[in-house]
Amino acid sequence: MRKFFVACAFATLASVSTLLAQTPIKIPFWYSVGGAVKQTIETRIKEYNSSQSKYQIEGVFAGSYEESVQKVIAAVVAGDAPVLIHQAHVYAPQLVDAGAFEALDAYIAKDKTFQRDQFIESLFQANVYKGKTWGIAFNCSTPIMFYNKDMFRKAGLDPEKFPDTWQGVYEASKKIAKLGPDTYGLTLDYGSGWILEALVWQFGAEWLAKDNSKVLWTEPAHIEAVKFFKRMIDEKVAVYKGADAALLSQKAAIAMNSTVNLSKWGKSATFNLGTAPFPSATKKSVPVGGGSLYMFKRNPQKVKDGAWDFIKFMTTKENQSKWAEATGYFTARKDSKLDLDKGLLLKDKRYNTTYLQLGYIRPENETWYPQFLNIRTIYNEAWDKIMLQNSDVKATLEEASAKASAVIKENS
Amino acid sequence: MSGNKSLPNKGFSVGQILFYAAMTVFVVIYNYPLIWMLVTGFKNSHEVYAYPPNVWPRNPVFSSFVEAWTAADWPRYMGNTLFVATAVPLLKILLSAFAGFVLTYKFKGAKIILILVLGTMMIPDETTLVAKYLLMKQLGWVNTYWALIVPGATGAFSIFLYRQFFMTLPRDLADAAAMDGCGDFRYLLSIGLPLAKSTSLTVGLLSFIDEWNSTLWPLIIINNDKMRMVQIALKVFSDDGGTTWNQLMAACCFVSLPVIALFVILQKQFIAGVASTGIKG
Amino acid sequence: MSPLSKKRLKRGAFIGLSLAPSLVIILAFYYFSIFYCFGVSFFKWNMLGAPKFIGLNNYVLMFTNPDFWNSVKVSFVYAFWAVPFCIVLGLLAGLLLKNATFGKSFFRVMLFLPVVISMVVAALIWKWILNAQAGILNYILISVSFAKLGDMPHWMRWVNDPLGGSMAAILFVGIWKRVGYNAVIFLAGLENIPLEYYEAATLDGANPWQKFWGITLPLLAPVLFFVTVIQIIAALKVSISPLVMTQGGPARSTDVFVLHIYKEAFQNFRMGYASAIAVAVFLLILVFTVLQFRVGEKKVHYQ
Numbered sequence: 001m002r003k004f005f006v007a008c009a010f011a012t013l014a015s016v017s018t019l020l021a022q023t024p025i026k027i028p029f030w031y032s033v034g035g036a037v038k039q040t041i042e043t044r045i046k047e048y049n050s051s052q053s054k055y056q057i058e059g060v061f062a063g064s065y066e067e068s069v070q071k072v073i074a075a076v077v078a079g080d081a082p083v084l085i086h087q088a089h090v091y092a093p094q095l096v097d098a099g100a101f102e103a104l105d106a107y108i109a110k111d112k113t114f115q116r117d118q119f120i121e122s123l124f125q126a127n128v129y130k131g132k133t134w135g136i137a138f139n140c141s142t143p144i145m146f147y148n149k150d151m152f153r154k155a156g157l158d159p160e161k162f163p164d165t166w167q168g169v170y171e172a173s174k175k176i177a178k179l180g181p182d183t184y185g186l187t188l189d190y191g192s193g194w195i196l197e198a199l200v201w202q203f204g205a206e207w208l209a210k211d212n213s214k215v216l217w218t219e220p221a222h223i224e225a226v227k228f229f230k231r232m233i234d235e236k237v238a239v240y241k242g243a244d245a246a247l248l249s250q251k252a253a254i255a256m257n258s259t260v261n262l263s264k265w266g267k268s269a270t271f272n273l274g275t276a277p278f279p280s281a282t283k284k285s286v287p288v289g290g291g292s293l294y295m296f297k298r299n300p301q302k303v304k305d306g307a308w309d310f311i312k313f314m315t316t317k318e319n320q321s322k323w324a325e326a327t328g329y330f331t332a333r334k335d336s337k338l339d340l341d342k343g344l345l346l347k348d349k350r351y352n353t354t355y356l357q358l359g360y361i362r363p364e365n366e367t368w369y370p371q372f373l374n375i376r377t378i379y380n381e382a383w384d385k386i387m388l389q390n391s392d393v394k395a396t397l398e399e400a401s402a403k404a405s406a407v408i409k410e411n412s
Numbered sequence: 413m414s415g416n417k418s419l420p421n422k423g424f425s426v427g428q429i430l431f432y433a434a435m436t437v438f439v440v441i442y443n444y445p446l447i448w449m450l451v452t453g454f455k456n457s458h459e460v461y462a463y464p465p466n467v468w469p470r471n472p473v474f475s476s477f478v479e480a481w482t483a484a485d486w487p488r489y490m491g492n493t494l495f496v497a498t499a500v501p502l503l504k505i506l507l508s509a510f511a512g513f514v515l516t517y518k519f520k521g522a523k524i525i526l527i528l529v530l531g532t533m534m535i536p537d538e539t540t541l542v543a544k545y546l547l548m549k550q551l552g553w554v555n556t557y558w559a560l561i562v563p564g565a566t567g568a569f570s571i572f573l574y575r576q577f578f579m580t581l582p583r584d585l586a587d588a589a590a591m592d593g594c595g596d597f598r599y600l601l602s603i604g605l606p607l608a609k610s611t612s613l614t615v616g617l618l619s620f621i622d623e624w625n626s627t628l629w630p631l632i633i634i635n636n637d638k639m640r641m642v643q644i645a646l647k648v649f650s651d652d653g654g655t656t657w658n659q660l661m662a663a664c665c666f667v668s669l670p671v672i673a674l675f676v677i678l679q680k681q682f683i684a685g686v687a688s689t690g691i692k693g
Numbered sequence: 694m695s696p697l698s699k700k701r702l703k704r705g706a707f708i709g710l711s712l713a714p715s716l717v718i719i720l721a722f723y724y725f726s727i728f729y730c731f732g733v734s735f736f737k738w739n740m741l742g743a744p745k746f747i748g749l750n751n752y753v754l755m756f757t758n759p760d761f762w763n764s765v766k767v768s769f770v771y772a773f774w775a776v777p778f779c780i781v782l783g784l785l786a787g788l789l790l791k792n793a794t795f796g797k798s799f800f801r802v803m804l805f806l807p808v809v810i811s812m813v814v815a816a817l818i819w820k821w822i823l824n825a826q827a828g829i830l831n832y833i834l835i836s837v838s839f840a841k842l843g844d845m846p847h848w849m850r851w852v853n854d855p856l857g858g859s860m861a862a863i864l865f866v867g868i869w870k871r872v873g874y875n876a877v878i879f880l881a882g883l884e885n886i887p888l889e890y891y892e893a894a895t896l897d898g899a900n901p902w903q904k905f906w907g908i909t910l911p912l913l914a915p916v917l918f919f920v921t922v923i924q925i926i927a928a929l930k931v932s933i934s935p936l937v938m939t940q941g942g943p944a945r946s947t948d949v950f951v952l953h954i955y956k957e958a959f960q961n962f963r964m965g966y967a968s969a970i971a972v973a974v975f976l977l978i979l980v981f982t983v984l985q986f987r988v989g990e991k992k993v994h995y996q
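Chains as they are written, first to last, in the numbering used here: chain B, 1 to 412; chain R, 413 to 693; chain D, 694 to 996.
Same shape as in the complex, but just chain B (with noise of 0.2 angstroms):
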C-alpha cells in the first residue's frame, strides 16, 4: 500500500515538474520592420519558437523606428518594457544612458556556441559603448548608388563604369543635364540625414566632435564639401530632394539611397538599373545604419537567458543568410556573407555592392551622442536652406553650429 502512495506522489511530482518545466516563458520582443521584411521576421519567430519549447517570444510589430523608439521610451517609463527590441542604432544612446539596456558581454563570454569571431568586426563594434556591448548587430544596411544605364549611355558615358571620384560624378552629371531640358544628373535625397554625413565625410570633413562637445560643420574641409554639392544644384545638374519620383521617371539618372531600396526601386524601374559604391573626394566613407538587437535589463534572468537565446538564434549563419537575402539587408556575419556570394550575390550583382563599401563603414552616431537627432534635424534644415533658399554657405553653416551649441549645452 505505501509503495503505491509513494508511487503516486511520485508520478504527480514528476508530471506537475515536468508541465512546469514546460510552461515556456513568454518573451516579448518589439521590431520595427514592415512591409514584406515584416512576414520574414514573423517567420524567423515561429521557427524558433517550434524548434525549443522553454521560451516563446512573443513579436509585435512597433511600428517604424520612431515611432516605436516614443513607445519603447513610454514603457521603460511606466516600468513595463519589453524583454527584447530590434530598433535602430542611433536610438540607442538614450536608452543606454537611461540605463534600461542589459550590457551582454557576459552573455558572449560564457556561451561557447556564440561565434563572435564570425562576426564582421567594424559592425560589431558599432553597438560596443563605454567599453560594454550593448546589442548585437542585426539588419545592416548602408547607402549606396544607384543610377540609370540607359541615361549614361545616352549621355555618351559607359553604363557599366561608375565614376569613383564626385569630380567625375559632376562630369557625368553635366553631360546627362544636357539630355533635355528638366533633366538631371544627380539627386540629392538624404532620407533621414545619414546621406549629407556621407557625403561630407567623403570630403575628409566631419561633424561631431569625438567628445561630443561640438559640431564641426564650420571647419573649412565641411563648407567646401556642402559648397560642392551647392555648384552642382545652382548649375542645374543635380536636383535636391523628390530623389525616387526624379528617378524612376527618369528625369535624373542618379541617386543615393539604402541598399535596402534595391528590391523596390528595382521592380518599378522602366530603365537598366545600376548601383556603384560610393565615390569619394579625399577619402572613401560611408556610413552603417540599421539596426540591433537589444535586451533590457529589468527582467529575471532566465527571461533574459531566453532573450540572448533568440538573439543567438536570429545571428546564426543560416539565419543571417536567409534574413539576408528575403530582405537586401546585408548580413552581420563573414561565414553567411560567403553563403550569399554563392546565392543571392551571384544571381544579382548589385546585391554586392553595399559589401564592396565594407572597408571604410562608420555608424552613424559613432560617439553614441543622445541627443544625436536633435543635432540632426538643425543640419537637416541647414541644408535645406542652402540649396532651397539660396542662403550663403558659411553664414547658415555658422548659424546652424549656434543653434546645434545651444542643444549640447542645454543637454550636458
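Hints are supplied without guarantee of correctness; some may be wrong.
Unchecked claim - Pairs of lysine to aspartate or glutamate, EDC-like flavour, derived with a Cα cap of 16 angstroms: (1) Lys38(B) / Asp485(R); (2) Lys956(D) / Glu66(B); (3) Lys638(R) / Glu410(B); (4) Lys745(D) / Glu66(B); (5) Lys700(D) / Asp592(R); (6) Lys930(D) / Asp537(R); (7) Lys132(B) / Asp105(B); (8) Lys647(R) / Glu66(B); (9) Lys700(D) / Asp485(R).
Claimed, not checked - Stretch by stretch, here's where chain D covers chain R in the computed footprint (C-beta under 8 angstroms, at least three residues): (10) 661–669; (11) 676–689.
Hints listed in this document are in silico derivations from the structure and should not be mistaken for laboratory results.
All residues carry an ideal CB built from backbone N, CA and C; glycine is no exception.
We have chain B; now place chains R and D onto it with these hints.
Frame of chain B, contents of chains R and D only:
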C-alpha cells in the same frame, strides 16, 4: 394653347444649357484629384512614374490594390476604426440627447452648466493634445480604446443640437405624458428620442465621419500596431526610399470608400446637418 | 415623503444622471486638460526623467526662439491666404448652387465630396499631383508653356520649395477641401433670404449686380461673419496637411502652430516647452473664439 403634357412647361434656354454644362464640367474638374486617386490606383508600379504621366492607365491592373491590401493588416485597422467610429456616435447620441434634454429644464445651475458645455467650444482640441496625452498616460489609457472613445463620447455641439430640438417640443406633450404617469426617463426614451431621429442621424453621421477620418489624436495616443487606425496606416507606403504611389493611392481608395458611400447614401441628412451649423450661429 | 418632493427627487436624480457622464468627460478632457497644459508649461520634462520645475523659463525660451516666431508667421500667412479664398470661393459656389434649380443636389454632393474624405487622403493625393518631377500638375503647366523648360521657377518644386511653393501646396489642399463645406452653409443662408425682396427689386428695375450688393450681401452678413471667424480659427488649427506633405519644411516654411507643438512634444520630447507653446496658441485662438461668440449671441437675440 394649353399644354403638351409630355413636355416640361418651360423649355431650357441656350443660356441655361450652357450654365448646366459649365457647372457639370466644373464639378467634375473640381473632383479631378479624386479621379486621379482612382486612376493612379489602377496603374502598375512601372507606369505610375511614367513621364509624361498617363492620364489614363495604359494597362489598368488590380495588382496595386492587391499589393496595397497585403502590405498591411487592413482588416484589423479597418476593424479598429469601424469599432471606434460606431461606438463614439452611439455614445455621443446617448449622452448628448440626455444632457441636451435635461438642459431644457429650469433648475438651479442649469445656466452655469450650459455655459460650461458651450465653453468647451472655445477650447481647440489641437492645443490640448499634449495635456490629454499626459492625462491618458496617468490613467493608463495609452494604446487603449478608452482613449479613442471616451473623450469624444459627448460634445458641446451635439448637446446644443439636442437642446435646440427638444425646446421645440410643445409643453403640452410633456404635460400629457406626465399626467399619464410617464417619468422623465420614459418620456425621453419613448417619445423624445424617436422624434429627434433627424438630430440623432445628423449627430451620428458627422461623428462617424470625424472618427473615421481622425488622424492627429490616434497618431499621438496609439503606437501599437494592433490598435492602429486606418488613416495612420497609410503611412506604411512611405519610407526613406520614397513612396509607392500606386499602392498608396489604391489604399486611399479603399480607406475612403466607407465615408464616400455613407455620404452618397445619406447626403440629405449630411448636408442638412452641416447647414444647420451655419444657421445656429 | 410627499408625492411632490418624491417627484422632485426623481427629477433631480434624472437630471444628475443625464448630465453626469457628459460633465465628467467635459471637465476631465476639456477643462482639466487646459489647466494641466498650463501647469506642465512651468516644468521641464522629457518623459524619461522626473519633471523639473523651471517657472517661466519655457515662456522665455519660447519668446526668444526664432522657430516659435516662425510658426506664428507661417500660421498667419496660411490663414491670410486660406480664409479669403475659402470664403469667396465658397460664396461663389453657394450662389451657383442657388441658381441651379435643376440637379441642385447632384452639384451639391459633388462639391461636398472633398469634404468627407479625410485630410490625410486629400493631402496625399495633392502631394502626388504636385510632385515636382512626375506629378501631373507640373506636366500640364509645362505643356502649356507656363514655364520655360529646364528653367522651372522655384515654386514649381511645390512641397520642396521653402519660398512659397510649400505654402501654396498646403493651401491648395486646405482650400479645395473646404470650399464645399462653406458653400453648403452659404447656400442655406442664401435660401433663407425671402424671394419677395428680389422680386421687389426686379420690379424696381435692379440688375443682378445691384441685387447682390443691395440685398444678398447685407442679409447674408451675419452668416458671412460667422463663417469667416470659423474659417480663421480652422486655418490657425491646420495640422494634417503640413504633417503629411512637408513635415513642416522645407526649412520650416510650413511649420504651423500645431505641427510645431507636435514636434516639440513627440519628437523632441520637450513636454513642458510644447505645453507653453500650446498655451500661447490657445490664448491666441481664444481671442477669435470670443469674437465669434459675441457676434453669435447678438445673432441669437436678433432672431
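Now for the hints, and whether the structure bears them out:
Of the supplied pair hints, the one linking lysine 38(B) and aspartate 485(R) holds, its CA atoms being roughly 11 angstroms apart against a limit of 16 angstroms. About 12 angstroms separates the Cα atoms of lysine 956(D) and glutamate 66(B), which keeps this hinted pair within 16 angstroms; it holds. Between lysine 638(R) and glutamate 410(B), the direct Cα distance comes to roughly 37 angstroms. Violation of the 16 angstroms bound is thereby established for this hinted pair. Taking the CA atoms of lysine 745(D) and glutamate 66(B), the gap is near 25 angstroms; set against the 16 angstroms cutoff, the hint is violated.
Of the supplied pair hints, the one linking lysine 700(D) and aspartate 592(R) holds, its CA atoms being roughly 14 angstroms apart against a limit of 16 angstroms. Note on lysine 930(D) and aspartate 537(R): the hinted pairing holds, with a Cα-Cα distance of about 9 angstroms set against a maximum of 16 angstroms. Of the supplied pair hints, the one linking lysine 132(B) and aspartate 105(B) holds, its CA atoms being roughly 7 angstroms apart against a limit of 16 angstroms. Taken as a hint, the lysine 647(R) and glutamate 66(B) pair is honoured in the structure, with Cα atoms around 13 angstroms apart against an allowance of 16 angstroms.
Simply put, lysine 700(D) and aspartate 485(R) have alpha-carbon atoms about 55 angstroms apart, too far for the 16 angstroms limit, and the pair is violated. Coverage of the stretch 661–669 of chain R by chain D holds in this model, with 4 residues showing a Cβ closer than 8 angstroms to a Cβ of that chain against a need of three. For a cut-off of 8 angstroms, the count of residues in the stretch 676–689 of chain R with a CB near a CB of chain D stands at 9, and the three-residue condition holds.
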